[in-house]
Amino acid sequence: MAELLRTHPLTAWTDAFERLPDTVGITVEPFVAMVDVRLGTIGPEASAALGVDLPTAPGTWVPAGTGRAVWLGPDEWLLTSTTEAPEELEARVRAAVAGLGGSATDVSAQRIGLRLTGARVRDVLVKGCSIDLHPRVFSRGSSAQTTLGQAGVVLLALSDAGDDVVVLVRASFAGYLADWLLDAALEFTTPIS
Amino acid sequence: MQLIACPWCGPREEVEFSYGGQAHVPYPDSPAELSDEEWAHYVFFRDNPRGRFAERWNHNAGCRRWFNAIRDTSTYRFESVYRLDDPKPVTP
Amino acid sequence: MTVQSPSTARTPRTTRTPGADLPDQPDSLWRSAEPRRSYDVVIVGGGGHGLATAHYLAKDHGITDVAVLEKGWLAGGNMARNTTIIRSNYLWDESSAIYEHALQLWEGLEEDLGYPILFSQRGVLNLAHTLQDVRDSVRRVEANRLNGVDAEWLEPDEVRKVCPVVNTSADIRYPVLGATYQPRAGIAKHDHVAWGFARRADQAGIDLVQDCEVTGFASDGDRVTGVHTTRGTIAAGTVALCAAGSTSVLTDMLGIRVPIQSHPLQALVSELLEPVHPTVVMSNAVHVYVSQAHKGELVMGAGVDSYNGYGQRGAFHVIERQMAAAVELFPVFARAHLLRTWAGIVDTSPDASPIVGRTPYENVWLNCGWGTGGFKATPGIGSALAHTIASGEPHPLVAPFSLDRFVSGALVDEHGAAAVAH
Amino acid sequence: MSTLFRTTSGGRIDRATTVEFTFDGQTLTGHPGDTLASALLANGRHVVATSVKYGRPRGIAAAWAEDPGGLVQVEEPFPEPMLLATTVELFDGLAAHGLPGQGRLADVPDSARYDAVHAHVDVLVVGAGPAGLAAALTAARAGARVTLVDEQSEAGGSLLGGTDRLDGAPALQWVAAAVAELARHPEVLHLQRTTAFGAYDDGFVLALERRTDHLGTAAPKHLSRQRVWRIRARQVVLATGAHERPVVFADNDRPGTMLAGAARTFLHRYGVLPGREAVVFTTDDTAYDAALDLHAAGVRVQAVVDARPGGSPQRREQCERAGIRVLSGAVVTGTRGDERVTHALVAPFAGGEVGAAGAIGCDLLLVSGGWNPAVHLFSQVRGRLRYDAGRGAFLPGEELDGVVVTGSAAGVADLAGCLADGQRGGRAALARLDIAPTADDRLPAAPDPVVPAAPLVLWRVPDTSGAEGATSFVDLQRDATVADIARAVGAGLRSIEHVKRYTTIGTAHDQGKTSGVLTSGIVAELLGVPVQDTGTTTFRPPYTPVAFAALAGRDRGRLFDPERVTALHDWHVAAGAVFEDVGQWKRPRHYPRPGEDMEAAVLRECAAARTGVGILDGSTLGKIDVQGPDAAVLLDRLYTNLMSSLKVGSVRYGVMCGVDGMVIDDGTVLRLAEDRFLLLTTTGGAAKVLDWMEEWAQTEWPDLRVHCTSVTEQWSTFPVVGPRSRDVIGAVFPGVDVSTEAFPFMTWRDTTLDGVPVRLARISFSGELAFEVYVNPWYAVAVWERLLEAGRPYGITPYGTEAMHVLRAEKGYPIIGQDTDGTVTPHDLGMAWAVSKKKPDFIGKRSFARPANADPLRKQLVGLLPVDRETVLPEGSQIVEFRADGRLPAPPVPMLGHVTSSYRSAELARPFALALVKGGRERIGDTVHVPVGGTLVPVEVTGSVLVDPEGARRDG
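Heads up: the protein sequence lines correspond to chains A, B, C and D, in order. Heads up, the first sequence is in our numbering, so the first residue is 1301 and it goes up one at a time. Heads up, the second sequence is in our numbering, so the first residue is 13 and it goes up one at a time. Heads up, the third sequence is in our numbering, so the first residue is 8 and it goes up one at a time. Heads up, the fourth sequence is in our numbering, so the first residue is 7 and it goes up one at a time.
Check the hints yourself; a few may be wrong.
For the chain C half of the interface with chain B, some residues (derived, Cβ under 10 Å), not all of them [to be verified]:
{"hint": "1", "residue": "Thr254"}
{"hint": "2", "residue": "Thr258"}
{"hint": "3", "residue": "Ser269"}
{"hint": "4", "residue": "Pro271"}
{"hint": "5", "residue": "Gly316"}
{"hint": "6", "residue": "Gly318"}
{"hint": "7", "residue": "Phe323"}
{"hint": "8", "residue": "Asp354"}
{"hint": "9", "residue": "Ser356"}
{"hint": "10", "residue": "Pro357"}
{"hint": "11", "residue": "Phe413"}
{"hint": "12", "residue": "Leu418"}
{"hint": "13", "residue": "His422"}
Rather than coming from a laboratory, the hints here were simulated on the basis of the structure. We put the beta carbon where it would ideally sit given N, CA and C, even for glycine.
Just chain A, with the same shape it has in the complex:
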């Protein structure tokens, strides 16, 4: 039999995204493995076992191998990997933290990622995000779990200028958020005649 094909919940939106100008670029992030890590205390032991220093500052993310380590809570992180299969990542992380009283859960399909790039990204996000996204406060390495429109999201700042942001959203809300973003971007995408 043929290999199982993957389908992305936003396949139907890709054309609309492609038509967007550079000032409000939206691209669908490729599928990556993601694991939700829970761990009470972070010590050298944990770092060694995981191969990454999990960020302890609230609202931050750090690069971790080929992926990222995102602070989600005082004992919770999202670890991503672009090279491991979801089950591999989960198994590796679970093995590393189980002995420390931690847990690891594969959440690779729980959220999908959208990358927003361009000078108008902030103008789009502020239409539905109540936290301060000024580059002074939300610069590369910042993250936030918050609400965008009516969808729970994780925002990751990839640049210091506020023009490169990854939005992680629950897969079942992806269509809603895509519609929401396109609608929010409308005033920056329609030329004034």
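Place chains B, C and D on chain A using the hints.
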């Protein structure tokens, strides 16, 4: 329209939080040994003061952690927030 | 009685909108009484329930040695702040009985009070948006009919006939799958109701004492002997607590625990508009309830704010969400304008039903926990509580609502079952 | 009609361009920069509206939002009810008419866009008049993040309506320079046409920006027409100015009667003469500017009527130089005119007594009774007000954290003072933020202020007309008069709130902007108490009216509420599914084939599952991963049954109750490892159950080493159901031994499909042999299609929630939330078997021992079979005792319970139902009645399991 200081995430809009009512109401050690009346008080009865109130909040749309707060129910103002393992602040 | 018009020279009327003003109020309302030192009955709380209780004490039982103590201005709490919806289509027998008793009194109240309370039986639609809403609605309609309460289930096209501005198209986010309809339900003018009761009570010789805040109670064993107030101590034979959202403040003074929580509940009003909305529409699923009041303004209520609050203010995001729901359900409301927002303090109980009856003090009666149902119950609870005070025994209509039910577990759970709040 | 009343030069209008508009059906012209009000006045039109109660003509009485008179209905470009002519900017094609009290809503949907934006600033300045500009400049120069909002079309505030000079040049040159400087600061956002309408705690201010209204029909469709700004400001500087206050006298509502300052604004800002012959009635010095300016512009000022016994010596001198008559110690007692004012009645006034009146001809009567600081936002955010008896005004009475009030909003009267106070306000805000002001924070040079003569506080002129105050209007929009207030007081009312409600003063479109303080003053006078004891009514949001749609923003239509969909949604759509809303989820309810109605489709889908094989998209079920050494302990405390004894590899059904002992959710639990479980919840209960578990784990049992993680969207879930399901599963997963022996009921197995992990579980919600397939949703479509392909030989049939409900109901499995309502215990459901007797405690256990739980008449879940084998009982139907006569008695009729689920069964070949019935299990075998429409339907009470009660089918 309070700006609530999550002990971890910092100030966030009220809409990101859910309310948990009165704080420091522990689950009884041995419910089976309580009278119906004592049990009813645990299940249904909570303080409802006008003024300072120690209560529970959850940063539902953020880090999902529960925490406690002292808030004035007449002004809605938060006087302090504290983690669950912190003692209740002493009332001045 | 007749309400007199002011005998003044006026410029002749030219074109004006019929019904855009209200009947004139009477020339005398009530004395601002000085409190005496002692009363047979002291009612704490000069809102709708306190005033109605005073009226029925005098009218039905001849008890007039009564003071109604109000910490601020008479009927200035929830009575002045509610959205005036009157209906009796509650699910459970106990609930529909007290509210239907109230509705029957409403139907004769204008005459009883001799006051234009503008009771308008324009019907209430409770919309169903999901299959479970439909089941719950049918359940309530069937229960209402067996209890002798008028109720109908309407399909979407019938909903549209009753209220043409409701969006009954199938392509909205939560389409209207039908509605329950109580034709005898309606609205009244809240101030007029309160003032009608106050005026009658005052005429009967009952003292309505304003700016009189209760600061404590004097007791002797299991009896309360008097009430300490900002206007002195007042001896009382019987005390009735009718303080709605402020009840806990009083019961704390008495050392009684009552399972209520006080929350802000917001409401809002638009400018005067030509008639577009002939009935009352409530939708739990999308959190909106709306009527067009007598002068033409849209009156709408929102959901209860989540946290305890005595501030008579709520959060604006609740209003914004409600506006979204309103425009979704009533597209023609898009350019109506929000003129004013306000909030009351609702006393919510664990089972969304009131708490009425005995307290550990033998001469103190409790009446609270009406949540969003207080206004519509006004004459019903007034008469039942007056009967209770006069007879010393809970009236059968309030007996199921005793504080004891939280111990026995015999709740009257209106929000579990097809709850239609407000 | 030519614009007879337009000056020849000056003003902020674009005289080179003419725009056409219609009012009351009449075509008129104006210029860009006009408001509808200024354009009407330029055309000599004062009468705009008809009053709500008395039908009296009403005109334009002020120049902005405080106008109580000029209410209009806009018809084109889109109907909008009740706007003020003074705040509607003129554009080509505007059509409007005066209002007779009520506005009219459009009968077509509004296609305009609306949106909202969040903003975070160090300093928010409300008002771009002299004080606000000074404050904004101070904050901007210091490098703060500043937002400046102002409700008018351009900055300048009071300077737009005057002739002030700054730095030796017209003040508007300074305004332009200030605006330009602000635009150069990258951290400054300056918004005109933006009204701050609500102030809340913690520096939260809501403002409405009117983005395209002034463009009329040319407004771009892709831009939001109006935008709500949700501003979180660390400091708020309120520079909201002041409203001029009228004096009440008989027939003071006659068109042509106008606030003095407004006339100046119409003259200077719009180049409009509001009349030819004016009388100016004042109690303070500011109205003299109007008299002098109008005189200079060619208006014949017949008299300045100054109520103060000594008037104002310096102002009298100015007037005398200009040849304007000043009558000190005199008042206007009334007006004459058909519609518009033709005469002002003027009488001597001394010691509160009014002398004999004489008539002075005029077509414009200007009035000034002093100034009310615009303290609305300050009061909304709970700032206390204090009454200033000298000014007859309420002023901010306290310092608030995070709010600074400055300029005329704080009671400062003169330009130099307002500029300095604005700068002070800006610096005060900076100081609270620990930001230092810059050294070059320069203010323009303003002329030295002239100390005015003391104002007189005069609320009303005693009515000598014989009308006893019945034509002395306090609230023009509500047609409420001094006589109404007197009646209210006479009726026994003492509270200002009662008077407001009795008279309806302050409840109209303007929410009492001019009438509120007047009412306080008049009530105090009538009661003989100080005004501070009377107080004002409460200021509440919004400051000015806001369209519902603006507050709805983009949460409309498709975006009103998120639609949650599964990975298979597109497949369902293509398969012609009819969807059902379950919470926010869209779930296929059934898949009708051409010509099928729902009943036929559901019977077909059910039959497939009972006799062949069906497949369901169950992905919306909530899923929670529970991990940690104490995972089993947590589950034992939260489920009514024992979970710690569950073996790895096995599955158990569980029930959760609230502390009150009532069922809140149910589902199956898979033990994945000693320290790991996968919980399934109901679709609607997923978030609630996760919240519930986290609440207990975090707040009550932090010592437990356990974590809960939502994995609802991590696993697509497809029950493959029916006697042929083993064939299908066996074909797709050949590596799995699907025999009953190797893969028993209520166990699970992991496998792979083309290298992709798949979990299979022998769980059945239908009583049939069934396998649930769990897979990462990335592969959901592929696996689903693989299953369909393998099932084709067996007629595999996708089924929806309706068939699922029928299948489970035939087996007596309850749906939480449908067959329960928050008042039902596990015992009521006949699930005592799922309640552990071994565990000393679990959530809800103690409540089972309450007296009400032992009531033999508790409602219990039973089955119902209509005796006629035909009637499908409507869900929700009530149940009553059997009536031998087949007739309902008169109400109230005691009820036994209600029908919770009801379907036509293919398997039973008859309809059946589930119901909650009082003492139901004792009634099994009885016949009861269900009223349906007008008849009583006899039904037999049965056990709740109607199909395969022995459970023989689950292994196929």
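Hint-by-hint comparison with the structure:
| no. | hint | in the structure |
| --- | --- | --- |
| 1 | Thr254 | 8 Å, holds |
| 2 | Thr258 | 9 Å, holds |
| 3 | Ser269 | 6 Å, holds |
| 4 | Pro271 | 9 Å, holds |
| 5 | Gly316 | 5 Å, holds |
| 6 | Gly318 | 5 Å, holds |
| 7 | Phe323 | 6 Å, holds |
| 8 | Asp354 | 8 Å, holds |
| 9 | Ser356 | 8 Å, holds |
| 10 | Pro357 | 5 Å, holds |
| 11 | Phe413 | 5 Å, holds |
| 12 | Leu418 | 9 Å, holds |
| 13 | His422 | 14 Å, violated |
Of the numbered hints stated above, the single one contradicted by the structure is hint 13.
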